[in-house]
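Undergrad: Residue numbers (the working numbering), protein chains in the order written: chain S, 1 to 476; chain B, 1 to 305.
Quick caveat, the hints were computed from the structure, so don't treat them as lab data.
Keep in mind it's a predicted model, so treat the numbers as computed, not measured.
The C-beta atom is built at its ideal place from N, Cα and C for all residues, glycine as well.
Errors might be hidden in some of the hints.
Said to hold, decoys possible - Capping the alpha-carbon separation at 25 Å, the derived lysine-lysine pairs in DSS-like fashion look like this:
hint, chain 1, residue 1, chain 2, residue 2
1, B, K50, S, K108
2, B, K154, S, K281
3, S, K208, B, K155
4, S, K274, B, K155
What the hints assert, rightly or not - Which stretches of chain B does chain S cover? Using the computed rule of at least three CB atoms under 8 Å from a CB of chain S, they are:
hint, segment
5, 158-165
6, 237-246
7, 265-274
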Amino acid sequence: MKKILALVLCLTLVLGLAACGTSSKAETTTASAAETTTAAAAETTTAAAETTAAQESSSGEPVKITYSYWGTPDEAASVQAVADKFNADHPNIQVEVMAIPNEEYTTKLNTMATANELPDCGIMNEAGVLDFADKDLLADISSMYEGADSMPLDCITFKSNGKPVAYSAANEILTLYYNKKMFDAAGLSYPSATEPMSWDEFVETSKKLTLDANGKNATDPKFDANNIKQYGCVVDNWTWQLEVWALSNGGSWFTSDGKTCNINQDATIDSIQKVADLYLKDKVMPYNAGLEDNGIQRSIATGTVAMATGGTWNVGTCLATAKTDEGLEYGVAPLPYMKNKVTICTGGPQVVFSQSKHQAEAMEFIKWYMQEENSWDSLIATGIWMPILEKYYTDESLTHKWVDNPNFPPYDEYKPAVVDYAMNNAKSTCWYYTPHTDEFITYLRSLLGPVWTGEQTAKDAINGGYDALNAILQGN
Amino acid sequence: MVKKPGQRTGRRLMSSESRTAHLCMIPAYVGLVVLTYVPLLAVFGLSLFKWEGVGTPTWVGAANYVRLFTRDPYFIDSVKATVLYALLSVFGSMIWSMVIALLLNRRIPARGFFRAIFYLPYVLPAMAVYLGWSWLYESNFGLFNYILEQFGIKKIMFLGSSSAVLPSLALIAVWLSGNLIVIFLAGLQNVPRVYHEAADIDGANSWQRFWHVTVPCMTPIIFYNILMSLITNLQVVTPALALTNGGPGNSSCFMSYLMYLYAFRNGKLSYACAISFTFFLIIAVFTGILFATSKSWTYYEGGPN
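All chains should be built: construct the whole structure from the sequences, respecting the hints.
TA: Here you go:
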């Protein structure tokens with residue numbers, strides 16, 4: 001018996017070793033295969049270099065730069081394909097894409113900054129840009145658009161003490177999506193694409209679209225609020241998006257120089273309470289703890305909610321698929337307004353890091369890469385990114401080129417509700433002019449938790465946390 | 001004084017044996033010093049500076065600790081949440097795993113299968129487990145709320161309300177405590193049968209046998225399990241990362257999560273070091289209390305040494 005056991009153990013050990021052996025061998029093979037490919041690629045580039053050697057006096061080895069990108073290895077592969085086009089045209093520069101999963105991107109960049117190992121250039125989360133600028137981690141890119149025919153929109157330019165430090169690679173605004181079938185079923189006309197609804201109209205419409213299990217809507221006295229089957233609206237309370245309601249109600253989070261926090265003013269507090277009351281009092285919105293960035297996926301895309309606010313990226317990230325796969329008929333309209341017709345815009349910027357030894361080459365790549373053509377097929381035509389250059393918003397032939405596309409809602413809706421609104425009514429989200437916004441928003445999110453459940457009023461929550469919020473803004 | 005030769009050789013033998021032992025343990029010592037004590041000291045040292053990851057650290061003395069104890073908007077909530085969560089999870093999982101271990105120790109059909117089933121949660125990938133539970137707990141259309149709704153009970157916001165979030169997360173921790181079950185099972189099988197037989201003959205019923213024979217014999221195991229589970233649960237971070245982002249409010253902003261937020265989200269490394277060191281002291285206090293009380297309620301078969 002013992003002998004058999006010993007034999008079994010030995011066999012397991014041998015098998016284990018063998019398994020390890022094979023896998024490491026497999027790794028070596030892939031590695032060497034990869035080497036061959038790179039070698040081949042290198043040969044091609046050398047060949048290219050030789051042909052263009054006349055114009056470039058590059059002394060042999062091309063400069064290698066790393067570009068970091070958030071996303072899966074698959075997404076990085078498509079970005080690498082774009083970078084390879086650049087590599088082919090620029091024999092003196094060799095760009096390699098480094099993929100970092102989205103959820104750990106900021107963490108990873110912070111860690112690399114500490115270790116003095118940042119890549120040469122990369123995309124960044126908006127909230128960390130001015131912190132990086134304050135720590136001198138960003139290289140000067142102010143000359144990037146010198147002599148260009150069209151500049152990026154001013155509201156998506158990151159400014160530290162008034163000086164541009166980074167340009168967003170994409171433009172995104174907050175907008176209102178609605179489910180057309182639900183409007184038809186309730187016999188209501190669609191929200192206008194040109195004229196935003198007032199907040200009261202919005203709440204009233206939401207009530208008519210909120211249905212209980214018996215099909216009664218929220219305006220009916222017999223409406224059963226504990227048994228709701230279809231909600232009228234979702235106003236996304238993912239924390240940074242709440243700034244738009246402060247602006248809409250005539251308030252703000254910060255003074256315009258970004259140096260003082262004035263979130264405790266009545267107009268701002270009132271705007272937060274209005275959003276919370278959609279769930280607490282009006283019973284037209286499902287409960288949302290405001291802890292996840294998926295308002296549209298949970299609402300419009302699942303077909304349980306009639307109207308929802310969210311970023312324009314949703315057209316590409318989930319609504320286009322819901323339209324083709326599940327027959328979702330959705331429309332787009334400007335955000336409802338409280339006092340001012342306004343939306344906020346944002347977009348992750350491409351930056352050059354100051355720890356790079358090849359800043360000039362990195363900027364050359366970023367400048368080339370930020371041209372709309374390079375992200376056209378993967379990001380712009382799919383509806384995930386909106387272009388950054390002003391000409392796409394002002395020159396109608398370019399707008400047509402961008403929006404006339406089956407991934408988008410009809411041109412007549414999208415043009416006034418999104419393109420024109422982004423051009424005329426959009427203001428910068430706070431992280432374009434204020435540092436420490438990541439920490440600020442994280443703390444604000446924790447303050448607002450009890451507001452969404454109704455355990456605390458917005459006034460008590462904001463006043464209770466104001467000193468800490470202001471201390472975070474001041475950086476201590 | 002007359003030297004007793006036997007004693008002397010004995011001591012020499014011991015010292016040469018212990019020398020070999022210490023020699024053999026060098027890798028362990030090196031690991032302990034380089035990977036535990038040095039980082040601990042470094043963390044404490046760094047916590048006396050202001051350092052945001054880049055640039056040179058500047059000496060600030062106890063300023064980080066002063067801020068932590070006087071002005072930090074999360075700290076008090078965080079300590080409360082961590083301790084409450086740890087207590088709930090430890091009590092819950094001790095009772096749960098003891099009960100399950102007792103059941104699995106009986107001659108039930110398909111015993112191996114059940115043992116595997118109850119151990120399984122412990123080896124599942126944490127992220128998948130929490131994602132699964134998030135669907136069960138979902139406040140509008142989740143399974144638990146669906147069941148409650150069938151019985152006409154008002155929906156509960158398991159993860160959304162500050163009063164329910166800690167018990168809900170502790171419940172997951174209890175469900176995950178398969179390792180405790182295994183240790184308890186091993187302990188139960190070590191309880192000498194003769195005691196049970198003796199108690200049986202004296203006419204003890206099964207509860208009396210459990211309380212007066214099984215539990216006293218198990219106290220060292222119970223102590224070990226409480227200790228391990230307390231330390232693990234005080235260091236909790238995954239549920240905050242996976243499910244709640246520390247919310248709602250600060251009600252699940254555990255200390256490890258707070259440390260992570262400051263260190264890796266906000267880049268305030270030295271401040272995170274101060275939190276980390278404070279946190280270390282808090283765990284030390286709890287462990288100390290547990291050890292101090294353990295002498296009065298644990299029984300070792302060899303008797304007190």
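Undergrad: Now tell me, hint by hint, if it's right for this structure.
TA: Against the structure, the hints come out as follows:
At most 25 Å may separate the alpha-carbon atoms for a hinted pair to count; K50(B) and K108(S) meet this at roughly 21 Å. Between the alpha carbons of K154(B) and K281(S) the distance comes to roughly 17 Å, so the proposed pair stays at or under 25 Å and holds. Using a Cα cut-off of 25 Å, the hinted pair K208(S) and K155(B) holds, with the two alpha carbons roughly 23 Å apart. Between K274(S) and K155(B) the CA atoms are separated by roughly 23 Å; this keeps the pair inside 25 Å, and the hint holds.
Against chain S, the segment 158-165 of chain B contributes 4 residues with a C-beta closer than 8 Å to a partner C-beta. That satisfies the three-residue criterion, and the hint holds. Counting residues of the segment 237-246 of chain B whose CB falls under 8 Å from any CB of chain S gives 3; the rule of at least 3 is met. Counting residues of the segment 265-274 of chain B whose CB lies closer than 8 Å to any CB of chain S gives 4, so the stated coverage by that chain holds, three being the minimum.
Going down the numbered hints, you'll see the structure goes against none, and every one checks out.
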